[in-house]
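Build the full structure now, drawing on both the sequences and the hints.
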Amino acid sequence: MIDSKEKYRYYLQQDRIALGHSEDRRPKLFGDETWKFEILLRKIEYYTNCKKGPAAAIIRKYYKFRFHRLSILLGFIISPNVFEEGLAIPHYGMLGVHANAKIGKNCRLLEGVVIMADGGSHDAAVVGDNCFFGIGAKVVGAVHIADDVAIGAGAVVTKDITEAGTTWAGVPARKISDNNSHANLCQALFQ
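Per the working numbering, residue 1202 is the first one in the sequence shown, and the count goes up by one each step.
No lab work stands behind these hints: they were computed from the structure. Owing to the predicted nature of the structure, the values given are computational and were not obtained by experimental measurement. Treat the hints with caution; some may be incorrect.
As the list claims (entries may be wrong) - Subject to a maximum C-alpha distance of 30 Å in a straight line, what follows is the list of computed DSBU-like cross-link-like pairs (lysine-lysine):
(1) Lys1262 with Lys1360
(2) Lys1306 with Lys1253
(3) Lys1252 with Lys1306
(4) Lys1253 with Lys1206
(5) Lys1360 with Lys1306
(6) Lys1306 with Lys1339
(7) Lys1303 with Lys1265
(8) Lys1360 with Lys1253
(9) Lys1229 with Lys1306
(10) Lys1208 with Lys1229
(11) Lys1253 with Lys1303
(12) Lys1303 with Lys1252
(13) Lys1339 with Lys1237
(14) Lys1262 with Lys1206
(15) Lys1206 with Lys1252
(16) Lys1265 with Lys1252
(17) Lys1339 with Lys1360
(18) Lys1265 with Lys1206
(19) Lys1265 with Lys1376
What the hints assert, rightly or not - Derived Cβ-Cβ restraints for the label pairs, each shown as a range:
(20) Thr1363 with His1292: 23 to 31 Å
(21) His1345 with Ala1256: 22 to 30 Å
(22) Ala1384 with Lys1253: 37 to 45 Å
(23) Gly1221 with Asp1348: 17 to 25 Å
C-beta: ideal position from N, C-alpha, C; glycine also.
Structural data, given as structure tokens:
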């Protein structure tokens, strides 16, 4: 969680690396909407967790307004303070993550991923570090997913995945290999 200016800058840097952008590059004026979304997400987290007072409240409301508009444009339902550093959303398209979910560092989400609570519960998934979610993957309920897990396209996870460094697919999701998620993540994160 972002709790200082240094951590805010670190999160932004790790998100940029996870998206595969070079160090000297900024988001383009037209394009790079998912990167702009992630930057706004981190700004809201910073102003919510670190800044107090009337001026910070006005700035926070401004960023929340821009964040809300961009969320609607991109089709994202994501709340602040859910993801650790290294978030990568490479494409826009429907994406939903429950506000109570806790997702570790270096997570990559492709379009159509849904991580939600089930049937009136407010408990959502706890996802480890270095996880990858393929197109249309679904995580339902308060499941725990270990580190270095890859969830294949269209998979539906309804039970805990306790085996780290594995790949899961199918409906319901079941283990298909002992390959970890690192091949699906930006390699610069592991250097």
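Hint by hint, here is what the structure shows:
For a cut-off of 30 Å, the pair hint linking Lys1262 to Lys1360 is broken: about 38 Å separates their Cα positions. Between Lys1306 and Lys1253 the alpha-carbon distance is near 26 Å, which keeps this suggested pair within the 30 Å criterion. Only pairs whose Cα atoms come within 30 Å are accepted, and Lys1252 paired with Lys1306 is accepted, the gap being roughly 23 Å. Proposed proximity of Lys1253 and Lys1206 is supported: the alpha carbons are some 14 Å apart, at most 30 Å.
Proximity of Lys1360 to Lys1306 is assessed by CA-CA distance (about 21 Å); at most 30 Å being required, the pair is judged to hold. With a CA separation close to 19 Å, the supplied pair Lys1306 and Lys1339 stays within the 30 Å bound. Distance check on the hinted pair: Lys1303 and Lys1265 sit about 20 Å apart at the alpha-carbon level, within 30 Å; holds. Under the criterion of a C-alpha separation no larger than 30 Å, the hint pairing Lys1360 with Lys1253 is inconsistent with the structure, at around 40 Å.
With a C-alpha separation of about 25 Å, the suggested pairing of Lys1229 with Lys1306 holds against the 30 Å cut-off. Taking the CA atoms of Lys1208 and Lys1229, the gap is near 24 Å; set against the 30 Å cutoff, the hint holds. Of the pairs offered as hints, the one joining Lys1253 and Lys1303 holds, with about 24 Å between alpha carbons and a cut-off of 30 Å not exceeded. Taking the CA atoms of Lys1303 and Lys1252, the gap is near 22 Å; set against the 30 Å cutoff, the hint holds.
Our distance criterion of 30 Å between C-alpha atoms is met by Lys1339 and Lys1237, whose separation comes to about 25 Å. Under the criterion of a C-alpha separation no larger than 30 Å, the hint pairing Lys1262 with Lys1206 is consistent with the structure, at around 19 Å. Pair hint Lys1206 plus Lys1252 holds up; C-alpha atoms about 10 Å apart against a cutoff of 30 Å. Distance check on the hinted pair: Lys1265 and Lys1252 sit about 14 Å apart at the alpha-carbon level, within 30 Å; holds.
Among the hinted pairs, Lys1339 with Lys1360 is consistent with the structure: their alpha-carbon atoms are about 12 Å apart, no more than 30 Å. Restraint check for Lys1265 and Lys1206: the C-alpha separation of about 19 Å stays at or below 30 Å, so the hint holds. With a C-alpha separation of about 39 Å, the suggested pair Lys1265 and Lys1376 falls outside the 30 Å cut-off, and the hint is violated. Remark: the range hint 23 to 31 Å for Thr1363 to His1292 is upheld by a beta-carbon distance near 30 Å.
A beta carbon spacing of about 40 Å between His1345 and Ala1256 contradicts the range 22 to 30 Å that was offered as a hint. Look at Ala1384 against Lys1253: about 43 Å separates their beta carbons, and that is inside 37 to 45 Å. For the hinted restraint 17 to 25 Å between Gly1221 and Asp1348, the CB-CB distance of approximately 21 Å keeps it satisfied.
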